[in-house]
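Quick note, the sequences are listed as chains A and B, same order. Each step along the first sequence adds one to the number in this note's numbering, with nothing skipped, and position 53 is 53. Each step along the second sequence adds one to the number in this note's numbering, with nothing skipped, and position 110 is 110.
If you're looking for bench data, these hints aren't it; they were derived computationally from the structure. Where a beta carbon is used, it is the ideal one built from N, C-alpha and C, also for glycine. Treat the hints with care, since some could be wrong.
Claimed, not checked - Label-pair restraints from in silico Cβ distances:
#1 A:GLU94 x B:GLU353: 26 to 36 Å
#2 B:ASP9 x A:GLY6: 53 to 63 Å
#3 B:GLY242 x A:LEU113: 33 to 43 Å
#4 A:THR46 x B:ARG346: 17 to 27 Å
#5 A:THR106 x B:SER117: 35 to 45 Å
Said to hold, decoys possible - Chain A side only, calculated, beta carbon under 10 Å to chain B, not exhaustive:
#6 ASP17
#7 SER20
#8 ASP26
#9 GLY33
#10 VAL43
#11 THR46
#12 VAL59
#13 ALA61
#14 ALA62
#15 TYR92
#16 GLY93
#17 LEU119
#18 THR120
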Amino acid sequence: MADLTGYRFTASHEWVDGGSRVGITDYAQQQLGDVIFLELPEVGRTLSAGERFGVIESVKAASDLYAPVGGRVVEVNDKLVDAPEKVNSDPYGEGWLMRLEDVDETGAELVELDAYDALTAGH
Amino acid sequence: MAQRTPLYDRHVALGASMVDFAGYEMPIQYSSMRDEHTAVRQRAGIFDLSHMGEVRIGGAEPVAAVQRLVTNDLDRIGEGHAQYTGMCRDDGGIIDDLIVYRGVDECYIVVNASRRSVDVAWMRAHLRDGATLEDTSDATALIAVQGPLAVSVVAPLVSGVDVAALRPFSFAWGASLAGVGGVVVSRTGYTGEDGVELYVDAAGAPAVWDALMEAGRSVSMLPCGLGARDTLRLEAGLRLYGQDMDETVDPFSAGLGWVVRLDKPGGFAGSDALRHIKETGAPRRFVGLRMGGRAIARHGMPVFSGDAQVGEVTSGTFSFTLGCGIATASLRSDVEADAPLQVEIRGTRADAERVPLPFYKRPSTERSEPAWPT
Chain A
1 MADLTGYRFT ASHEWVDGGS RVGITDYAQQ QLGDVIFLEL PEVGRTLSAG
51 ERFGVIESVK AASDLYAPVG GRVVEVNDKL VDAPEKVNSD PYGEGWLMRL
101 EDVDETGAEL VELDAYDALT AGH
Chain B
1 MAQRTPLYDR HVALGASMVD FAGYEMPIQY SSMRDEHTAV RQRAGIFDLS
51 HMGEVRIGGA EPVAAVQRLV TNDLDRIGEG HAQYTGMCRD DGGIIDDLIV
101 YRGVDECYIV VNASRRSVDV AWMRAHLRDG ATLEDTSDAT ALIAVQGPLA
151 VSVVAPLVSG VDVAALRPFS FAWGASLAGV GGVVVSRTGY TGEDGVELYV
201 DAAGAPAVWD ALMEAGRSVS MLPCGLGARD TLRLEAGLRL YGQDMDETVD
251 PFSAGLGWVV RLDKPGGFAG SDALRHIKET GAPRRFVGLR MGGRAIARHG
301 MPVFSGDAQV GEVTSGTFSF TLGCGIATAS LRSDVEADAP LQVEIRGTRA
351 DAERVPLPFY KRPSTERSEP AWPT
């Protein structure tokens, strides 16, 4: 199990860590199945919390991605273009999606790991 | 409440994700669709297909009775062989696509789970006098083992039938394995690979499944869900009823003209309408598309040529074997063969190259005997 100290989570199954990197949770990747395609935002775009920032597509279905916090996109994980399966194999590490700066938590609805686990338990 | 197959407990114990499919709680994947797909292409995979429907036609002249119901010609195959076929309404619309097994005094028809009640009602209403129909679906489990090593997994377990000697699309009854008798073994499948399908009495299904799982260990066989089944069948260019066709689609428009035998003596349900469609030209053409990017074209997405919408995607997925998106589409028949095509995916046009079906054909295997005397 990955060390999730400093990670916070959304009900729509994204995470943001202490360095303002953003990704999707292990539960989300399990539900999606094999990820094959990602549409990620342009670097420089400013997002607000809860805004749709991209699409993640698995063999099963395409799903929208929502920003857990607001901020300016300073980096996207280009390695996922050729290796989207990293989202499945390492959702909290190499499968990160983007990194934000100038973070704005206005309107953000984040929960700690315990609460997130409780949210997904039994599903 | 969804129905469960006799193997439901096995799927849960294996950690499968279960979904409702045609009224059954079925495994969609156990581990990963990619791993399951690859296992079937390279080694072997095992599937529970017990949701499929089985209908027995017996009584007087069962072959003649089935001939009146289906579009293909059973006289092109002999006893002990299976045939892919369609069943059509009087106006030529496809009620279902089927596999017919020609036995000695009976025929077995395998139908899609989602169409079982419609099929059975239609068959009863159009059955010749003297023929009988029995829906044996609930008493029958179906287990498929597919892949280049499938026969090597199954054959050593079976007594009463020489599985390795069965030719493609032939079958034999009276097999036993894992202490379960009365098993029908068929060299058929829905994956584009060599393989075997086993029709087993529902009560015996868990024992047969367990024995096959144990025997499959030596080749790292994986249990495979409906997800991998779909990516495998689409790569192989095989149709899925409800997506690629329905009652509003005729077999020619679905690219299934090869299973319509208008020269079959005596005609069949829909034959007059199908003859007319063939003479005047089918309204649609069924084509394969290879997508430029990795985005998946999915059922119902519009297909464009220039500014004009010329059709819709019927099925689409990511091909694990080819490493790109693939799809089938129903196009207006006036679309030129070399017309540039695009699929609109979430508001964006993605280039699509028209390619022949199937997308994937298995490498031809060494024949164990010459095809003809040399």
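Taking the hints in turn, this is what the structure says about them:
Between A:GLU94 and B:GLU353 the beta carbon distance is about 32 Å. The supplied range of 26 to 36 Å therefore holds. For the pair B:ASP9 and A:GLY6, the beta carbons lie near 41 Å from each other, so the given range of 53 to 63 Å is not met. Distance hint check for B:GLY242 and A:LEU113: the Cβ-Cβ separation is about 42 Å, which falls inside the suggested range of 33 to 43 Å. For A:THR46 and B:ARG346, the Cβ-Cβ distance of about 22 Å falls inside the hinted range of 17 to 27 Å, so the restraint holds.
Distance hint check: the CB atoms of A:THR106 and B:SER117 are about 55 Å apart, inconsistent with the given range 35 to 45 Å. At about 25 Å, the closest approach between the beta carbon of A:ASP17 and any beta carbon in chain B exceeds 10 Å, and the interface hint on this residue is violated. A hinted interface residue such as A:SER20 counts as satisfied when its beta carbon comes closer than 10 Å to some beta carbon of chain B; here the least separation is about 27 Å, so the hint is violated. The closest approach between the C-beta of A:ASP26 and any C-beta of chain B is roughly 14 Å, which is over the 10 Å cut-off, so the hint fails.
Nearest Cβ of chain B to the Cβ of A:GLY33: about 6 Å, under the 10 Å cut. The hint holds. Annotation: interface hint on A:VAL43 violated; nearest CB of chain B at approximately 20 Å, more than 10 Å. Violation of the interface hint for A:THR46 is found here, the shortest Cβ-Cβ separation to chain B being roughly 22 Å, above the 10 Å cut-off. Taking 10 Å as the C-beta cut-off, the interface hint given for A:VAL59 holds, the closest approach to chain B being about 5 Å.
The beta carbon of A:ALA61 comes within 9 Å of a beta carbon in chain B, closer than 10 Å, and the hint placing it at the interface holds. Against a cut-off of 10 Å between C-beta atoms, the interface hint on A:ALA62 holds, since the closest Cβ of chain B lies about 7 Å away. For A:TYR92, the suggested interface contact is broken, since its CB lies about 18 Å from the closest CB of chain B, more than 10 Å. Interface hint status for A:GLY93: violated, as the beta-carbon distance to the closest one in chain B is roughly 18 Å, over 10 Å.
Checking A:LEU119 against chain B: minimum C-beta separation of about 19 Å lies over 10 Å; hint violated. Hint status for A:THR120 relative to chain B: violated, with the closest Cβ pair at about 14 Å, above 10 Å.
Checked against the numbered hints above, the structure violates hints 2, 5, 6, 7, 8, 10, 11, 15, 16, 17, 18; every other hint is satisfied.
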